[in-house]
Amino acid sequence: MVDDAESGDGIVESQRAIDPRLLAILVCPVTKHPLRYDPVRQELISKAARLAYPVRDGVPILTSEAARALDDPPHQV
Amino acid sequence: MPIESKPQTDHADPRSRPFDRALLRSRRRRVAGAADQADFLLHRVGEDLADRLSIIKRAFPVAANIGAHHGVLSRRLRQVETVGMIVDVEAVDALANQCDGPLVIADEEALPFAAASLDLAVSALSLQLVNDLPGTLAQIRQALKPDGLLLAALLGGATLGELGEAWLIAEEEITGGASPRVAPAIDLRDLGGLLQRAGFALPVVDSERVTVAYASPLALMREIKAMGASNMLTQRRRAPVRRDVLARAAQIYEQRHARGDGRVLATFEIMTITAWAPDASQQKPLKPGSAAVRLAAALGTDELPTGEKPGG
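Chains as they are written, first to last, in this note's numbering: chain A, 842 to 918; chain B, 18 to 329.
Some hints here could point you the wrong way.
[Said to hold, decoys possible] For lysine to aspartate or glutamate, the following DMTMM-like pairs were computed, each having C-alpha atoms within a straight-line distance of at most 25 angstroms: (1) LYS301/B - GLU126/B; (2) LYS873/A - ASP149/B; (3) LYS162/B - ASP860/A; (4) LYS888/A - GLU126/B; (5) LYS301/B - ASP207/B.
[Said to hold, decoys possible] Sample of chain B residues with no beta-carbon within 12 angstroms of chain A, all distances over it, derived: (6) ARG42; (7) GLN54; (8) ARG92; (9) ARG93; (10) ASN114; (11) GLY209; (12) ALA218; (13) VAL227; (14) LEU235; (15) PRO257; (16) ASP296; (17) LEU312; (18) PRO322.
To be clear, the hints were calculated from the coordinates, so they are not data collected in a lab. Ideal Cβ positions, reconstructed from N, Cα and C, are used throughout, including at glycine.
So that you can see chain A by itself, here it is in the shape it has in the complex (with noise of 0.2 angstroms):
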């Protein structure tokens, strides 16, 4: 899958998609949630913990420190 939709600061590039097998086992490494995969911006997003964690290409990067907090909300997809 290539993902071509647009993002705020330009195209996202055809990213390798995350593997699905890897998304079903995948939890937030804070709070052991459910994430939820935002193919759009690339991320997957801890509600619970009110964090966006990146993926890039097709490698989510689960630690807080490259975590987005979700407290200033991007635009609405």
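On the provided structure of chain A, position chain B as indicated by the hints.
Just chain B now, with coordinates in the frame of chain A:
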């Protein structure tokens, strides 16, 4: 104002967080490009864990390699028939990028796996540098399915004891005090206790001492640096190492641990954990008083009242 202003530094009580994990990550990132030049212990552990897995008669469709380094263990375990997908978990991106399976960037202390999602968790030479080992073990336990297996090797016990001793003596002699240099090592008994506290069934820990010969104490120190494992203790002395202390430590090391050919010996103690997530199918002791057959019958002997001696 705290003196430490670097982001990602561990600020908590240094006694409960012995390792500066942010420093460790930055060191490992710096040497990541040459990781395959200092990975002989990882290869050794990979062979050993592959052997141990291949004699277990069951399949492990979903596995995770916790603290994957540059993927040595996973590459080896992908050759084991009973192992399916192995997800590499590594906090240092420059190492993680050298892994070649499904990959997650995450810290060993905050694992991103759903409860009961893994059939197998493996780890090679990473868990000795975790600050909260009981916490990490508990997270692994929860991520394992019932009857899932944890198979992990970590350094402990006598690891680099010779070097720690040489530093201690040299520093004491020259500066009149000693600062921590070699990481505190966990021993077999502690590890067994931690596994039980983390809720594992049938935990077994064994250990093997590997003696490695180096051209000199400095060659050993260079190798440790190449592993990204030089002093990352939270309570380390921040000042640069004094040349005279370094020279004296090397001298003491040579005096005590040189072989006939002038090379010096260093010990690495590899401790290997085999532990299972509890499951009703596992062997466990029967309740007292639930025996259906007399012990005497099972032994083919006569039962005597207490206090009497056979033939007496």
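> Would the pair LYS873/A and ASP149/B pass a check requiring their Cα atoms to be no farther apart than 25 angstroms?
Replying inline: Answer holds: LYS873/A to ASP149/B is near 17 angstroms, not above 25 angstroms.
> Can we trust that ARG92/B is non-interface, i.e. its beta-carbon lies farther than 12 angstroms from all of chain A?
Replying inline: Per Cβ check, ARG92/B is outside 12 angstroms of chain A; nearest 17 angstroms; holds.
>> If we take the beta carbon of ARG42/B, is the closest beta carbon in chain A still more than 12 angstroms away?
In response: violated (9 angstroms)
>> Next pair to validate is LYS301/B with GLU126/B; report whether the Cα-Cα distance is within 25 angstroms.
In response: Not OK: LYS301/B and GLU126/B at ~31 angstroms, beyond 25 angstroms, violated.
> Is LYS162/B close enough to ASP860/A, meaning Cα to Cα at most 25 angstroms?
Replying inline: holds (21 angstroms)
> Since LEU312/B was said not to touch the interface, does its Cβ keep a gap of more than 12 angstroms from each Cβ of chain A?
Replying inline: It holds; LEU312/B is separated from chain A by about 47 angstroms at its closest Cβ, greater than 12 angstroms.
>> If we take the beta carbon of ALA218/B, is the closest beta carbon in chain A still more than 12 angstroms away?
In response: Its Cβ never comes within 12 angstroms of chain A, the nearest being 22 angstroms, so this holds.
>> Does ASP296/B clear chain A by more than 12 angstroms, comparing its Cβ with all Cβ atoms of that chain?
In response: holds (19 angstroms)
> Is it the case that ARG93/B keeps its Cβ farther than 12 angstroms from each residue Cβ in chain A?
Replying inline: holds (21 angstroms)
>> With the threshold set at 25 angstroms, check whether the alpha-carbon distance from LYS888/A to GLU126/B stays at or below it.
In response: Between LYS888/A and GLU126/B the Cα gap is close to 21 angstroms, so the pair holds against 25 angstroms.
> Looking at ASN114/B again, its CB stays over 12 angstroms from all of chain A?
Replying inline: violated (8 angstroms)
> Are all C-beta atoms of chain A more than 12 angstroms from that of PRO257/B?
Replying inline: holds (28 angstroms)
Hints 1, 6 and 10 from the list above are not met by this structure, while the remaining hints are.
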